[in-house]
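Each chain, written out:
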Amino acid sequence: RAAKMGTNIGGVEVLRVVLPGDEVLQLNADKADISIGPGLRWQENVICATRSGLLKKTSKNLYYVDTHQKRYIPNAKEFVIGIVIKKTGNNYIIDIGASDKATISELVFENSSKKARKELKPGDLIFGQILVANKNIEPELVCIDVFNNLVGIGSLPDGGIMFTLPLHIARLIVNPKNSLLLMIAQKIKFMLLVGFNGRVWVKAQKQKEMVTIMNCLMMLEVMTLEEAKENIYRLHTSNSKNF
Amino acid sequence: MKEVPLSTCERTSIVSALQAGLRYDNREFLEVRDITLTFGKDYGCCTATIGQTRVIAQVTCEVVEPRPSRPNEGKLSVAVHLSPMAAPHFEPGRGNDLVDELQLILDRNIKESRCLDLESLCIMADESVWHLRVDVTVLNHAGNLGDACNIASVAALRHFHRPDVTVEEDGRVTVHTLEEREPIPTFMKKVPVCLTYAFFIVDDYCYMLMDPSEKEERVMSGKLIVGLNPHGEITSLVFPGRVSLQKEQIVSCIRNAFSKAKSSAEMVQKAVDEDIEKRKSLIKPEGFINCLASDARYARQRIMRKIKTTSKTEFKIPQEPVEDLQESMDEIQIKFDPFDSDEVTTPMKVKQHTAKKVKVSKPREVASESEEEEEEGKLTSQDLQ
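Protein chains in written order, with the working numbering: chain G, 1 to 243; chain X, 244 to 628.
In isolation and in its complexed conformation, chain X is listed as follows (with noise of 0.2 Å):
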């Protein structure tokens, strides 16, 4: 399937929010959604969720022989799939353009950092060792798939626990299966985290956005994703777009960025924690029965919750019950829309709602009327705040 084209209406819209500093979810220009991590049964399975962007993490592993230019070190691959479940427009087997990103972020971030010990994974040095394989599924695209991926492949290579394993002395090795000894934790030095900013260029000026959501993601003009860790290094700098930044702002991103990743990186290792403490205590992993909220729980939930956290005065119940309104409905002649009264068209049968107290009345008092509205309108507003 084709994606459903982005009219001229909402792409304007956006921006216009945007230099009004809105966004369309009410968050802040630097404010992230919410994240949540659960873990499957197995060890080594994980989901992240960043607001409606859900994927999921599973790590295998398998013994090998090494490569020979490196006989101590295991073997560590990522592999993304999109899968049409996520979006419509995604179609299996067919890589495109948001593949090679994604992978490309995962494999600078992952492997390339080596913030996984691979020398811990060699079992016989030149002969065997454990290949670590990630294979992330995107099963939701609501915006920011980078993110998300990073953080769910990080938490379960960070959950995985391999078999363990014994060399008898002529060199035959035997893994044992989980029930017959304990498997043994992977060892991640570092945590590393990414961040996605984006950018968008209006008039002569830049805004930044982090954590763009679908619609934001199909307008931007370009973003920058960091990807680095708590310790102050970064792993990767990936700028695809059309955005040409000064180093001052692409310094300020990451300054930025360094701010959030200690946060990020707790949580990971927070979460990671609690579930393997859980696990040892002998409580039976639940799996992923809890997460299964849809998304109309999750909307409600965040609504419910930004309704709470802001609003502490009391809000004024209009005076008018709703009844009488209905029947000045009813007198209302529908006119033309008031906003571009510079037109004169003939009048357009528009479902128009205008403020109370509107009398029938001859075009002429059309511009005075609606002014006395407006400033009914500021009126009773101010009073709120």
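One chain only, chain G, in its complex shape (with noise of 0.2 Å):
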């Protein structure tokens, strides 16, 4: 389920496969401005892959490495879903699927001012932005700007469904025009949250419906995007006859 090498998809360009310290590219002070995403790292003149996987370049000249990989690795402004632990002081302490646990101050929630806090249980759903994330200290999370606009929605409504996939799926996932999520748009309404650390809330009207959306979108782990999107429909009728 490899991309073939010198494919353009929609503006990405797949360029070949890297393994950690292959050199990627030589910068020359002629060369035009360049930007290095995740995966590649700049040393003197060199610039090196650091992780294994396809090296991409997007239409802006943004080169990138992308892995498969499960454990999350928390990033500084990315939406992630979390599981509540506990209260300590003000905050509330998260489990991000990464190895440290996350905080988050029970003020940086909508409308939650300090007369009127925010009341979360152990074991409740949260979506919202890693404010600060670095090796040495511990994520912290926010629902809401600098600027008190909503960034995150907070906690999650009842119902639906969580599970985890892999962290490349969930890229692929994010993007609302995927073509795999238009398909099953379709036949269910549904309303989907995808969190960067891989973790997935779905939710729509029928029990039935939500557990054929989370086995379509796990079916993404095993094949490629076309191979999907012929087998959502078997599965989708394969469920209606248990009714």
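Since the hints were made in silico from the structure, they are not lab data.
If you're wondering where the values come from, they're calculated on a predicted model, not measured in any experiment.
A virtual CB, placed ideally from N, CA and C, is assigned to each residue, including glycine.
Worth double-checking, as some hints may not be accurate.
Stated by the list, open to error - No farther apart than 25 Å at their CA atoms in a straight line, the calculated lysine-lysine pairs in the DSS-like style are these:
| id | chain 1 | residue 1 | chain 2 | residue 2 |
| --- | --- | --- | --- | --- |
| 1 | X | 458 | G | 101 |
| 2 | X | 505 | X | 432 |
| 3 | X | 458 | G | 206 |
| 4 | X | 505 | X | 490 |
As the list claims (entries may be wrong) - FRET-style restraints, in silico, Cβ to Cβ:
| id | chain 1 | residue 1 | chain 2 | residue 2 | range |
| --- | --- | --- | --- | --- | --- |
| 5 | G | 138 | X | 339 | 24 to 34 Å |
| 6 | X | 464 | G | 121 | 16 to 26 Å |
| 7 | G | 114 | X | 449 | 46 to 56 Å |
| 8 | X | 347 | G | 62 | 55 to 65 Å |
| 9 | X | 539 | G | 59 | 28 to 38 Å |
| 10 | G | 205 | X | 430 | 52 to 62 Å |
| 11 | X | 335 | G | 69 | 24 to 34 Å |
| 12 | X | 339 | G | 107 | 36 to 46 Å |
| 13 | X | 529 | G | 34 | 44 to 54 Å |
| 14 | G | 22 | X | 506 | 44 to 54 Å |
| 15 | G | 22 | X | 523 | 48 to 58 Å |
What the hints assert, rightly or not - Chain G is nowhere near these chain X residues, computed Cβ spacing over 10 Å in every case:
| id | residue |
| --- | --- |
| 16 | 460 |
| 17 | 481 |
| 18 | 528 |
Dock chain one against chain two, each of which comes alone in its own frame, and use the hints as you go.
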């Protein structure tokens, strides 16, 4: 299920397979502006890969390495779904699937002030943005911006199914115009929240539909997008028979 | 590492799915996952997989003095090890409830049921007997470890061949290597089988599932582990958890277990016999090379098989091409959640997908439009059926 070399899908060009330590580019002074993304590192005029995967290049001259990974490493400004573990003082401790637990203050939710704080129970789900993430400190989440705009949506409504996908699949699904999601939308009305830590939350009207969507998305782990599109209709009919 | 906490959403969603008659991996309530057995290069080494749960059992033997109370019988001991490879929250060396439970199941099912003829392990009464030791290591924990450990150790014991022994006149015992003399198989009278039933108590209803997966195990209220053999004898009953059952329910579980035990025992016997025949016909044993399929490959095979067996009717491909839908998506205003229209909250930036033909409209018409879309949705799915 590898993308072919040199193909151009939606403005992203697949260059080649790289292993950690491979030299990717030599930087010359007269080269146009190049941005480097995750998985690449610039050292002494040479750009090396730090992870193994496919080297990709977007239309804006951004190079990055696309890896298959299941464990999440927190980065700032990414949206994640977290599970509330407990409350300490004025903060909640949240699990986001990384090696460290994240914290979130109870004031950074919508409509919460010092008099009306947000109440969360252990086991609740939260969708927020990572404010700061460093290897030395615990990551911190926010659900509201510096300008008091709503950034995450805070605690998730009741109902719905949550499951975990590998990170590269979650990145595929974050785009709402993804063709697989549109195909599913033709049959089922649903609400979908994707966290960059691989956690996905789906809500539909019937239990059956939610389980179908979950299985369709989990199929992406083991098949290419095209094969998954062919197979979701069969999956949906096979589920409908169990009424 | 600590276990990832289970959110309330996951807990309630599994229970609601059960109330709707569904399991996450689309199994029936009383359907067991695929069981495969692979044997290693040596005698007595066996890997069992139930779905994605993987367990390896190895049998070793040594000559020891017998117990003074039982001078004619050999010894058998079973040990379970949970490696951190199986799940991130397993720690080596530290015993926890799961290890104790697995040890209990295996002790009762294999040692105390006397499935193995221990008197055949005797070399010289009162002086030397064989001590068989089964070491079971859990490689991957995806639910239902009890059944997997049991199947692996039973198959390994059945597969095991002990070295041949000659006793001199003056009492010296010579153990021959496997090349000098043919090793002798163990004699297993009955094949103990272990089956796990999970119970979920919701609103006065009790749902019974067989072979729980990992998420189901975390949510379940209690489980019943039935150990029995196809001859009709129950070897063990373990009933942990916070469930209280009526006598009739337990009896019906056991009756169900009997019907499944025979096929399970036959499968074990067949797998072991096939492998032993291969070795006798001097085909070199391949070991575990062929069972190194990744989880992704197993999942894919399962999906393809399920799709091929269930869908035989032609499915209708929607007439509207996908590109048109993308254009119409750009015109859609993102409205707030139609599911709970009672709440009047500020609109949330939620990525929402609706069915086709959504027009930009005033909020008052939201309810009627969603009804239309629902009807359209119902039509197409009924057509497919």
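Structure-based check of each hint:
{"no.": "1", "hint": "X:458 / G:101", "result": "holds (22 Å)"}
{"no.": "2", "hint": "X:505 / X:432", "result": "holds (14 Å)"}
{"no.": "3", "hint": "X:458 / G:206", "result": "holds (20 Å)"}
{"no.": "4", "hint": "X:505 / X:490", "result": "holds (24 Å)"}
{"no.": "5", "hint": "G:138 / X:339: 24 to 34 Å", "result": "holds (27 Å)"}
{"no.": "6", "hint": "X:464 / G:121: 16 to 26 Å", "result": "holds (20 Å)"}
{"no.": "7", "hint": "G:114 / X:449: 46 to 56 Å", "result": "holds (47 Å)"}
{"no.": "8", "hint": "X:347 / G:62: 55 to 65 Å", "result": "holds (57 Å)"}
{"no.": "9", "hint": "X:539 / G:59: 28 to 38 Å", "result": "holds (31 Å)"}
{"no.": "10", "hint": "G:205 / X:430: 52 to 62 Å", "result": "holds (59 Å)"}
{"no.": "11", "hint": "X:335 / G:69: 24 to 34 Å", "result": "holds (25 Å)"}
{"no.": "12", "hint": "X:339 / G:107: 36 to 46 Å", "result": "holds (39 Å)"}
{"no.": "13", "hint": "X:529 / G:34: 44 to 54 Å", "result": "holds (50 Å)"}
{"no.": "14", "hint": "G:22 / X:506: 44 to 54 Å", "result": "holds (52 Å)"}
{"no.": "15", "hint": "G:22 / X:523: 48 to 58 Å", "result": "holds (50 Å)"}
{"no.": "16", "hint": "460", "result": "holds (16 Å)"}
{"no.": "17", "hint": "481", "result": "holds (29 Å)"}
{"no.": "18", "hint": "528", "result": "holds (30 Å)"}
Checked against the numbered hints given earlier, this structure breaks none of them.
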